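Assemble chain B onto chain A, guided by the hints.
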Amino acid sequence: MRKIDRIIERNKKEKGGLVPLLQDIMREYGYLPEGTLKRIAQKLDIPLSRVYGLATFYKSFSLTPRGRHLISVCLGTACHVRGAPRIVEKIERDLGIKAGETTKDLKFTLETVNCLGACALGPLIVIDEKYYGRLNSTKMDKVLKDYLKR
Amino acid sequence: MKLKRPSDLKKARKAIRLRYDPEKTCVTVCCGTGCIASGARNVAESFRKNIDKRGLRPRVNLRITGCHGFCERGPLVVIYPRRIFYQRVRVEDVKEIISQTILKGEIIERLLYVDPTTGKKIICEDDIPFYKKQKRLIFGNNGRIDPTKISYYIALDGYTALAKVLYRMNPQQVINEIKRSGLRGRGGAGFPTGVKWELCRQQKEKPKYIICNADEGDPGAFMDRSLLEGNPHSVLEGMIIGAYAIGAKEGYIYVRNEYPLAIKHLQIALKQAQDWGLLGKNILGTNFSFKIKINRGAGAFVCGEESALMASIEGKIGEPQPRPPFPAESGLWEKPTNINNVKTWANVSLIINKGAKWYSRIGTKTSKGTMIFSLVGKINNTGLVEVPMGISLRKMVYEIGGGIPNGKKFKAVQTGGPSGGCIPARLIDLPVDYEKLTEAGSMMGSGGMVVMDEDTCMVNVAKYFLSFTRDESCGKCTPCREGIKRMYEILDDITKGKGKESDLKLLKELAEIVKDSSLCGLGQTAPNPVLTTLKYFRDEYLAHIKDRRCPAGVCQDLIRYSVIKENCIGCQLCNKVCPTKAISGKKKEPQRIDQKKCIKCGACLEACKFEAIRVE
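Those protein sequences? They're chains A and B, same order as listed.
Basically the working numbering = 1-based index in the first sequence + 55.
Basically the working numbering = 1-based index in the second sequence + 841.
Mixed in with the good hints there might be a few duds.
[Claimed, not checked] Cut-off 25 Å, straight-line C-alpha distance, at most; resulting in silico cross-link-like pairs (BS3-like, lysine-lysine):
1) A:K70 / B:K1045
2) A:K197 / B:K1450
3) B:K1438 / A:K194
4) B:K1122 / A:K70
5) B:K1157 / A:K70
6) B:K1417 / A:K204
7) A:K70 / B:K1105
8) A:K67 / B:K1157
9) B:K1417 / A:K194
10) B:K1045 / B:K1090
11) B:K1005 / B:K845
12) A:K153 / B:K1438
13) A:K68 / B:K1047
14) B:K1112 / A:K67
15) B:K1450 / A:K194
16) A:K114 / B:K1157
17) B:K1105 / A:K185
18) B:K1132 / A:K68
19) B:K843 / B:K1134
20) A:K194 / B:K1441
21) A:K67 / B:K1132
22) B:K1105 / A:K67
23) A:K200 / B:K1417
24) B:K1105 / A:K114
25) A:K68 / B:K1105
26) A:K68 / B:K1122
27) B:K1422 / A:K200
28) B:K1047 / A:K70
29) B:K1090 / A:K70
30) B:K890 / A:K185
31) B:K1134 / A:K70
32) A:K68 / B:K1176
33) A:K70 / B:K1132
34) A:K197 / B:K1441
35) A:K153 / B:K1441
36) A:K153 / B:K1422
Don't read these hints as lab results, they were simulated from the structure.
Note that the structure is predicted; figures quoted are calculated from it, not measured.
The following block holds chain A by itself, in its conformation from the complex (with noise of 0.2 Å):
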């Protein structure tokens, strides 16, 4: 429990720094277990709803872990008149999991995002910080596969 007392002391000081304060501990753990949440609440004294409220309420925050590799497909206009839709659903055929899961190895979690702003190179998705763009059914196929054996 100290990392996550340390977190909460560095953030205590801010006004208004409950949302950086589950920011740092979304970085550190990769999530946000259940007892960092009610830590946070009897540290700050306050309601362990308010706590919840707003870890379920932004979507850069999970209750659950993730998977060792982030893949997420742009969703966003331009992306989406370019095929978007069939990206995702070729992903969740191949890994056996919807958009916002992960598998059951921790190997993947799946997640859509609303823009990423590189809008020339849709459809568009990033895998761990890296881009794979102008996407296609075949391109997808031999991104997937290439992860799929790490």
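Then chain B, alone, in the frame of chain A:
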């Protein structure tokens, strides 16, 4: 080095300019997010290595710049002083560029841009139609400066406006100047900026806050990010001037979490501005002090709405508040607050430097200055485009955008993100300004412009936007939370061939109720995509409902794939890529698609090289 007075700034600028010889060869590599995604970092790194290896440092400068806007052709390399423009540059090209172009002055033909309308190769950046037809007042410096070094910004007259304001103008004069310029909020609603500042200035309550709204959430819009990444000081300077005019001592920049590079560059810029005495205590040696903090968003579209954004800074759930009171009276921590969009802030120093009179000559009667649009979707030249207000859609799509790819027919352009609407091809001569877009049922929004061609299904597009706003609705007010969901369900039925004609009436009725009774901008504008597509593309809705047909061939439940026997040579490529083994047949004979097994994923259509797959 702290600058204590305007003359210090002048001296510093002179010294910087002396160091920079405009005749010296300089290789600039665009490292905006778009180009990075295409591999620009490796290209830049390779330039660095090769320039060092060949001992060319004394003769050649290398500069990493922010986004030039022409993301479609990235990675972009521009070589000064001739401004030779190379596009889609790969690491393998670097050695050749150095030995041929930099050392011998020869042009490498294959890396040049080819004008799609004339087929001619273009050497100089300025001659490319995409750039030539623009008016890049705000965005132009992006390609010229290294955003991680304040000296580049200062060399290009950066912070001159701040010095002028602090030493030669009082706050009211600044506000008057902004009012006279006619600048309106670039976040979408278009409220006059000077008036907004004045309202906040007049409040007695203290402290006052300044916020820069960089929570650019509209899908398909990325100009705010490019500005923050490529020229962060232009935004900071605007904020500092605004703070002086309004009387604020603290400011916030609320940036979307999905923009890590923008956050990084802002942090660097803040630190440097402080070190130079342009931010923090006693700015430029005056009594005026101002500090800025960066807040990272946590992934909620509704936080782009001002009251939700402020709630988020306060560490709360990003739920909007009813207005009045407006932020100018009671904003962040219930104190007077002025909140403007990134682009609005970036316009400020330009107005102060060049004067309101000059500025107000650009644009139309009611919409002054330039606007940055992101031109995306089914368009040849995807990228960021800065044009004077009032330019026609036709000019945007055909002259700057280079038309529609693959000879397809232009169908519509969607402006204003999920809050905007679809403008049909027949209104292509519409001049783009705040009023004209609103009249057409759409809105300026933050400047996203998504081009659609004949292969785009408008019912599907309306459904897409509703699925977006449905997911992003914070759920506080009922019309937005429930209304959008019900509209979505109706559209979903229509795209699945289960629609009724009476649905259209119901859809319109629901849309109007949601529009009139939602609490914040998200709900009030969410029906726009539905209303405009109903108005301009009613036939397409009817085709889905009456004929159970999707004319654009998009809606999966209404289409079927089949093999055109005459074209199929039996290569069986489709057979291999089909994920459900729905395609069968002998080698060198036409294949067959089993409709029961087909999941309509479109893989066969993509794979076929003989145009032997038909979508009906």
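Status of the hints after comparison with the structure:
| no. | hint | verdict |
| --- | --- | --- |
| 1 | A:K70 / B:K1045 | holds, 23 Å |
| 2 | A:K197 / B:K1450 | holds, 19 Å |
| 3 | B:K1438 / A:K194 | holds, 23 Å |
| 4 | B:K1122 / A:K70 | holds, 21 Å |
| 5 | B:K1157 / A:K70 | holds, 11 Å |
| 6 | B:K1417 / A:K204 | holds, 20 Å |
| 7 | A:K70 / B:K1105 | holds, 22 Å |
| 8 | A:K67 / B:K1157 | holds, 15 Å |
| 9 | B:K1417 / A:K194 | holds, 14 Å |
| 10 | B:K1045 / B:K1090 | holds, 14 Å |
| 11 | B:K1005 / B:K845 | holds, 14 Å |
| 12 | A:K153 / B:K1438 | holds, 21 Å |
| 13 | A:K68 / B:K1047 | holds, 21 Å |
| 14 | B:K1112 / A:K67 | holds, 23 Å |
| 15 | B:K1450 / A:K194 | holds, 15 Å |
| 16 | A:K114 / B:K1157 | holds, 14 Å |
| 17 | B:K1105 / A:K185 | holds, 18 Å |
| 18 | B:K1132 / A:K68 | holds, 17 Å |
| 19 | B:K843 / B:K1134 | holds, 20 Å |
| 20 | A:K194 / B:K1441 | holds, 18 Å |
| 21 | A:K67 / B:K1132 | holds, 20 Å |
| 22 | B:K1105 / A:K67 | holds, 23 Å |
| 23 | A:K200 / B:K1417 | holds, 15 Å |
| 24 | B:K1105 / A:K114 | holds, 21 Å |
| 25 | A:K68 / B:K1105 | holds, 23 Å |
| 26 | A:K68 / B:K1122 | holds, 21 Å |
| 27 | B:K1422 / A:K200 | holds, 19 Å |
| 28 | B:K1047 / A:K70 | holds, 17 Å |
| 29 | B:K1090 / A:K70 | holds, 16 Å |
| 30 | B:K890 / A:K185 | holds, 23 Å |
| 31 | B:K1134 / A:K70 | holds, 12 Å |
| 32 | A:K68 / B:K1176 | holds, 20 Å |
| 33 | A:K70 / B:K1132 | holds, 15 Å |
| 34 | A:K197 / B:K1441 | holds, 20 Å |
| 35 | A:K153 / B:K1441 | holds, 18 Å |
| 36 | A:K153 / B:K1422 | holds, 22 Å |
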